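Asks: One-letter residues, chain by chain:
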Amino acid sequence: MYFNPLTLPKLRTVLITGATLYCLMLTQSIAAATLTIVVSNVTEAEGSVMVAVLAGEQGFKEEQPPAAALMQPAQTGDMTFVASGLDDGEYAIQVMHDVNGNGELDSNFIGMPTEPWAMSNNARGNFGPPKWEDVKFTVSGDTTHSLELSK
Amino acid sequence: MKRRSFNRSLLALAGFTAGAGAWRPAAANTSSWAEQFQQALQDHPWLLGYRSVTQDAFAADAEVSGKWPAELRGTLYRNGPAQHEVGGFRYRHLFDGDGMVQGYFMGPEGVRHKGKMVQTYKLAAERKAGRPLYSSFASDLPDPAPVTSADAVNVANISVLPHHGKLLALWEAGSPWEIDAESLDTKGVYAFSDHTQGVPFSAHPRVEPDGTLWNFGYVSQANLLVLWHINKQGQVVKMGKVQAEAMSMVHDFVVTERHLVLMIPPLHYEPDANTGSFLAAHKWHADKPTKVLVVDKNDFDNHYWLDLPAQWVFHYGNAWEDTAGVIRFDAPRSPDPVSVIDSFSELMRGNITPGTTVHHHQYQIDTKAKRVSEAPMFGMHLESEFPVIDPRVSGKRYRRVVMLSRNHLLKQPAHVNLNEVSTMDLDSGQRRSYRYPDQQIPEEHLFVPRPGSTPESEGWVVGSALDWHKGQMLLNVFNVEAVDDGPVATARLPYALPLGLHGKFVQA
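Chains as they are written, first to last, in the numbering used here: chain A, 11 to 161; chain B, 808 to 1315.
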């Protein structure tokens, strides 16, 4: 009723683009910041949990590839991901639990996600998807950010 | 955002905790809505029908009087908003109430009643928190939790659907909830298929005599209507999407042998930066048409729009289509949605305000000429709502409509609800009415066919009522041919319950 299902972030695009560039960025980066990402409420040990770290508003708007794209087999409860070699600055995180392992955040007939997802600050947004102002947070040196998955 | 911060600081000043506050800018009365309601209940004891339940389950054997028809065996399932207060906070609208499913089980040993709150995500989360968490239909909280999906605020409070061996509790902006038909325990949120998880499924699906089910749902943010076609086994046959220019709350629709017909009144979803609740995001445009959508049942992409004057319709009786392609249907019609916007809100703090009048109309759509027309069926003295039919003529030619009504030529009762149950014969124009005693408020009454009878012939009118004077619920049985003779049998419960909305009868 309050959640616009038709303008969700294109998580799949973000994650796939990110995966191809991740190694390249690791080797190039000389930045020292390490971001530890704690994802809670993984409700089933099926499929994988995918994390995209987006640098700045441009990254959030998918105008540039993710600064990091991470993936692990799903384990119930909390899962931890580490993105190292980041520059200090403002970031956003997108997480999806690809339960059925098809590489996508499944959605229903009208485009609403039917698999769990989360964004930084646990932003959900009323009347539409979260905005940059709602999801941005600062990485400075070693930083930890926690998110909770839900459908 | 600024307005909300301001609200919060006011609440802090007043010593309220965020989320449980009772601050309302327009209210001269500074007491909480819950307190105002309690005060009003002293002055108007019939408001018992809007008192919140404070327990999750009810069960009792009814005391039966009169001559209960031996063939009337089965269960009347009903649903409606029942929990109107959470953690001392009273919801701002009748439709915000958390749903309770009830069953009147009519067996050889008598009538047994059960009622159980639907254990929705919202109910569970707010119970855990001890306070309301979400700005929902019309209750705008000062600091609401974000709504992650429509089902997070689904209160499952409108109707029930017995279909393909399952009992579902229905809301209109989210998923059905599956209920155990015997215990009334909540089994969980229900999906007809993986691809339709969470797709809105409205509370007035139309089920044809062969079990084929049609329904719609609306997505306000996208001006989108969703159409459902489900077979009698509960499998999705097809789905459709229809893009509208503007979206409203759409509560019910009709089906004929060839078409689906929906009306979108000009109460448009137009949220702005200060919009709080879902209801507050709607704006009434008296100068704009009610859009009538006519859809080919076989091909949802084949549809067209017609215009009627601005009006508000909650419910339809039935529809049928003749061989010349003319569709006829009936509906109680209001000139505007004042009742839903104001009256059903103010009622929750015991403030009795005039609602909009509701007059039954007959509508006609010429599908060849693509024209629509409407005409009132009764004099303006007669108001009516909750039209129902013999389920065996759903989508077919029909002549009998059972409804609740109120005759303004007669002495008026103390309460504001409809106070009669009526049957209307569309062929003869004859109407028969039973006027409930002033201390009783009827809920929706159903047409229950006598097993083995031909459609629209023998059967009973079965419906519940609140006896606010005695604090009891009644289940009344009338002969469908003579409701004006009064009930032939009555089952009386030892407790009162909040007035609900819709039900369905399942033959034993």
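Hints are supplied without guarantee of correctness; some may be wrong.
To be verified - One side of the interface only, derived from the structure: several residues of chain B facing chain A at Cβ under 10 Å:
(1) Val954
(2) Gln1004
(3) Val1044
(4) Lys1048
(5) Ala1051
(6) Ala1053
Claimed, not checked - Distance windows between CB atoms, simulated:
(7) Asp144(A) with Glu842(B): 34 to 40 Å
(8) Gln862(B) with Glu54(A): 48 to 54 Å
(9) Asp1149(B) with Glu54(A): 42 to 48 Å
(10) Ala1093(B) with Asp144(A): 53 to 59 Å
(11) Trp1112(B) with Lys161(A): 33 to 39 Å
(12) Ser94(A) with Asp863(B): 37 to 43 Å
(13) Ser1260(B) with Glu54(A): 47 to 53 Å
Worth flagging that the hints you see were computed from the coordinates, not collected in a lab. Predicted, not measured: the structure shown is a model, and the values here were computed from it. C-beta: ideal position from N, C-alpha, C; glycine also.
Asks: Against each hint, give a clear statement of whether it holds in the structure.
Replies: Hint check:
Because the closest C-beta pair between Val954(B) and chain A is about 4 Å apart, less than 10 Å, the hint holds. For Gln1004(B), the suggested interface contact is upheld, since its CB lies about 5 Å from the closest CB of chain A, less than 10 Å. Residue-level restraint check for Val1044(B) is violated (minimum Cβ-Cβ distance to chain A is 13 Å; threshold 10 Å). The interface hint given for Lys1048(B) holds, since its Cβ lies 7 Å from the closest Cβ of chain A, which is under the 10 Å cut-off.
This hint is violated: Ala1051(B) has a C-beta 14 Å from the nearest C-beta of chain A, more than the 10 Å allowed. Because the smallest distance between the Cβ of Ala1053(B) and any Cβ of chain A comes to about 16 Å, over 10 Å, the interface hint for this residue is violated. With their beta carbons about 36 Å apart, Asp144(A) and Glu842(B) fall inside the hinted range of 34 to 40 Å. The given range of 48 to 54 Å is broken by Gln862(B) and Glu54(A), whose C-beta atoms sit roughly 34 Å from each other.
For the hinted restraint 42 to 48 Å between Asp1149(B) and Glu54(A), the CB-CB distance of approximately 46 Å keeps it satisfied. In this structure the supplied range 53 to 59 Å is violated for Ala1093(B) paired with Asp144(A), their Cβ-Cβ distance being about 37 Å. A C-beta distance of roughly 34 Å is found between Trp1112(B) and Lys161(A), which places it inside the suggested range of 33 to 39 Å. Between Ser94(A) and Asp863(B) the beta carbon distance is about 51 Å. The supplied range of 37 to 43 Å is therefore violated.
A beta carbon spacing of about 51 Å between Ser1260(B) and Glu54(A) agrees with the range 47 to 53 Å that was offered as a hint.
Going through the hint list in order, the structure does not satisfy hints 3, 5, 6, 8, 10 and 12.
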